[in-house]
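Sequence order for the protein chains is A and B. So the first sequence is numbered by the working numbering: it starts at 1 and just counts up by one. So the second sequence is numbered by the working numbering: it starts at 1 and just counts up by one.
Calculated directly from the structure, the hints in this document are not laboratory data. Take these hints with a grain of salt, some might be off.
[Said to hold, decoys possible] Rough simulated footprint, nothing fancy, chain B against chain A, three-plus residues with beta-carbon under 8 angstroms:
#1 250-261
#2 291-302
#3 332-344
#4 406-413
Remember, it's a predicted structure, so these values are computed and weren't measured experimentally. Heads up, the beta-carbon is just placed ideally off N, CA and C, and yes, glycines get one too.
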Amino acid sequence: MTTSPSEPRPAPAPVDLAVVGAGPAGLAAAVTAASLGLTVALLDAGSRPGGQYYRHPEPALGAARPKALHHDWAAFAGREAELRAHARGGRVRHLAGHQVWSVTGSGTDWTVHARTDDAGAESVPARAVLLATGAYERHLPFPGWTLPGVVGAGGAQAMLKSGLVLPGRRVVVAGSGPLLLAVAASLAAAGARVPAVVEASGYVPYARHPGTLLRNPAKLAEGAVHGGALLRHRVRPLLRHAVVEAHGTDRVEAVTVARLDRDWRPVPGTGRRVPCDAVAVGHGLVPELSLATALGCATRAAADGTVALVLTPGLRTSVPGVWAAGEAGGVGGAPLALTEGEIAAHTIAGRAVPPALVRRRARLRAFADVMGAAHRPGPGWTGWLREETAVCRCEEVPAGRVREAVEDLGATDARTVKLLTRAGMGWCQGRMCGPAVAALAGDGPSADRRPLACPVRLGQLAELPALPVD
Amino acid sequence: MPKRHSPDVVIIGAGVVGAACAYYAARSGLTVAVVDRGPVAGGTTGAGEGNLLVSDKEAGPELDLALLSTRLWRELSATLPPETEYEPKGGLVVAPDEPALRALRAFAEGQRAAGVTATEIPADRLADLEPHLAPGLAGGFHYLQDAQVQPAQAAARLLAASGAALHLGEEVTAILRDPASGAVRGVRTARRELLAPAVLNAAGTWGGEVARLAGVPLPVLPRRGFVLVTEPLPRIVRHKVYAADYIADVASGSAALQSSAVVEGTPGGPVLIGATRERVGFDRSLSTEALRRLAAQAAALFPVLADVQVLRAYHGFRPYLPDHLPAIGADPRVPGLHHACGHEGAGIGLAPATGALVAAALTGTAPPLDPAPFRPGRDFGPADTVPPQEQQS
Ligand SMILES: Cc1cc2nc3c(=O)[nH]c(=O)nc-3n(C[C@H](O)[C@H](O)[C@H](O)COP(=O)(O)OP(=O)(O)OC[C@H]3O[C@@H](n4cnc5c(N)ncnc54)[C@H](O)[C@@H]3O)c2cc1C
Ligand SMILES: Cc1cc2nc3c(=O)[nH]c(=O)nc-3n(C[C@H](O)[C@H](O)[C@H](O)COP(=O)(O)OP(=O)(O)OC[C@H]3O[C@@H](n4cnc5c(N)ncnc54)[C@H](O)[C@@H]3O)c2cc1C
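Next up, chain A with everything else stripped away, as it sits in the complex:
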């Protein structure tokens, strides 16, 4: 079959730095790099900068005060203004609505391949790449989790921030991690009743690191704010408990909350029913590493049970010419992401990193590690799964099929479970079921392997510029 060679396109001049992701890390990196004299392309799938944390209310809603749900809106607003100034000055190209499916190249010669919202394509040449791709929510399935009304905790928070919509009127908040308190406080403040905040870990491990906590007064203040807000609404977290089942036919009507042992195994006979019309569940975040692992960047097991990138103090990955900042290097929150973005911009520009940034990063990372370890899922959580509980929602694979692959067919890792059951082969490419499948396979967390970071139209691949055969 003869294939018509694509038209050679004139290659645009490379920018000094391509930043993938315009969350706190990527935004801070882009404006800092531009102010240090670099030319920057900032690509992000979203239509506005801010990433997962800074969310703009839909303009149509006319909400006047997005700050109400953000602790440090000013830090963001300032950088967004800088971004606009650099864009006007021609130092930054902000490519919103550009989802990057692959980064190819080496050394100082990179191409960032993106698909655009209007079914278009753009390939951006760059001398260096910064991956600031953030994180997505960690989901641990439970019977009934596919019922309407069960939403991600981070998703609920995002909905509140951008649309000011409530997932229900009586919302149980469950899972593990510091985000739960924030979500519960936001929900309560927005007028929902929160019958229970169910936290699977104890907060005990925090107490073992009083120094780290004291060195992070802003974090403590944030916790106090949430705690205070919750007390006002008479919500107290239930520690070492989990939602082990959601009930309902067309929509969630109640949940069963049970006590957990140290390994997060539900203690028999401790279940009780809590009526509700929505559940916001979250178990923290998982770094989004598809682009990084496709490039061969080395990874490490993080304290929270996820896989994160191995980074130097200057935030280089193991691949020369590729840097990373923010959650990709380990989940740690928006202030850390901002700090890392600025550090990376300095090292990419060949400048010394201001010591204050280095100190702030060390402090925030230490705090993140303590939190991560405290909320790391215990191995016993799979005890609340039933054979028929869907683990992979895209491909409708129940826990029983995963267990069969592991026990009878010789699967010892998540990849083989996927090959044998299709779990993780659907639209989300395992972002939803990955941690659960790995746990059922008795496998440690494994790095994302997705050579395509997002779906691409076949025609777009076909129209890539042809390379000579050598």
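Could you slot chain B with the ligands onto chain A? The hints should help.
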């Protein structure tokens, strides 16, 4: 299951080839242990597509092996559970123009003499077989024997059916040999010594390293292949479809068939498009050029595919030997050592016939076909000189 002290044969490799060998060895009455450093199907088998093709093989020893496998896969499909997804869907090879069609006709003529069922489909009947094919093709050939399995399932179910003792997550670090006779005595892993009078190297792309553990060379090399997987679609591709171009290489006199990506639907819905062939060692980086070619070839065959989403791409490393035939059977240099590796882009298809040959060699019974072309001690010739980016199915 109580563990036997010492199996009759230890198989290194739980890919589809090792699994098929375990199955046929066990069926011949041998006790079998299978060792793999990873999970079942964790090597190239997990990256394969599961085409069981006779259509792409010219008359010769590999086609004979493929035809025997075709029969054995059909038999197996009656025994193995439905998850194996055996589907005798047939292949359709299309020719873009008259010269290609004439070449395809001559190619099919040679195959027919070897036992292949190939029916010429005139241009105006192609749509009966594949309604979404691009217009303007010159014609094609329908190959009834082409079929499909799900490779990882096939390996796992063959292993389960073999009843072999499985040692997963254990790398073979040494092949034990009798100091006096040089004969193999078994293998060593970090956890155990498995003693057996026969050891089978079914380590696929890593077969050369395993052979080296026994002190013999076997020049198995990796050849990278990429596959594209689309979003789930209603059944728009019914057969295994690919286009054939004839390279008239009169000087070498070889009827080399250059073919484009195989496009096929799967029971789960996604369309698979694969695969490229490049000799780039174990390079794991994404080649956008490989993806471009696959996508362009698929869209040229099925224009409707241009607007579907590609959900993922993956790659694997085919095990190849310089003369493009697998090494199957006893190694004359080391008593008790057997090989079954180097199946390149056809190991899933060729696995059952390989297993049957290995079982015959292990038990000293008559082989189901002449094993001579595959003997491991043969002269493999020089490492071949195909350009590194050449592209076929
Ligand atoms: C759903 C959710 C809700 C959260 N809610 C809170 C909260 O209420 N309070 C709180 O303190 N923290 C919250 N967090 C955590 C907080 O958002 C992060 O700590 C912070 O945003 C990290 O910044 P970042 O720049 O590393 O990544 P992110 O903010 O995640 O930004 C990453 C950006 O990269 C983009 N991106 C990723 N891959 C690609 C690609 N291939 N192509 C193009 N663009 C890409 C994404 O669209 C995103 O805009 C939440 C996180 C999530 C996931
Ligand atoms: C992209 C692509 C598409 C393909 N499509 C098809 C197709 O459609 N049809 C087809 O027939 N073929 C296809 N193939 C080829 C096919 O996948 C291979 O020929 C086949 O899988 C080889 O199987 P195997 O069992 O020999 O090797 P493998 O599956 O690689 O198994 C070898 C095993 O040996 C193990 N091992 C290696 N060294 C050691 C050691 N020292 N100790 C313990 N264990 C060890 C490995 O872990 C591995 O599991 C394709 C290949 C690729 C890459």
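Results of checking the hints against the structure:
Note: the stretch 250-261 of chain A has 0 residues with beta-carbon separation from chain B under 8 angstroms; the three-residue rule is not met and the coverage is violated. Three residues within the 8 angstroms Cβ limit are the bar, and the stretch 291-302 of chain A against chain B gives 3, so the coverage statement holds. Counting residues of the stretch 332-344 of chain A whose C-beta sits closer than 8 angstroms to any C-beta of chain B gives 0, which falls short of three, so the coverage hint is violated. Coverage of the stretch 406-413 of chain A by chain B holds [criterion: at least 3 residues with CB-CB distance below 8 angstroms; count 6].
Checked against the numbered hints above, the structure breaks hints 1, 3 and satisfies the rest.
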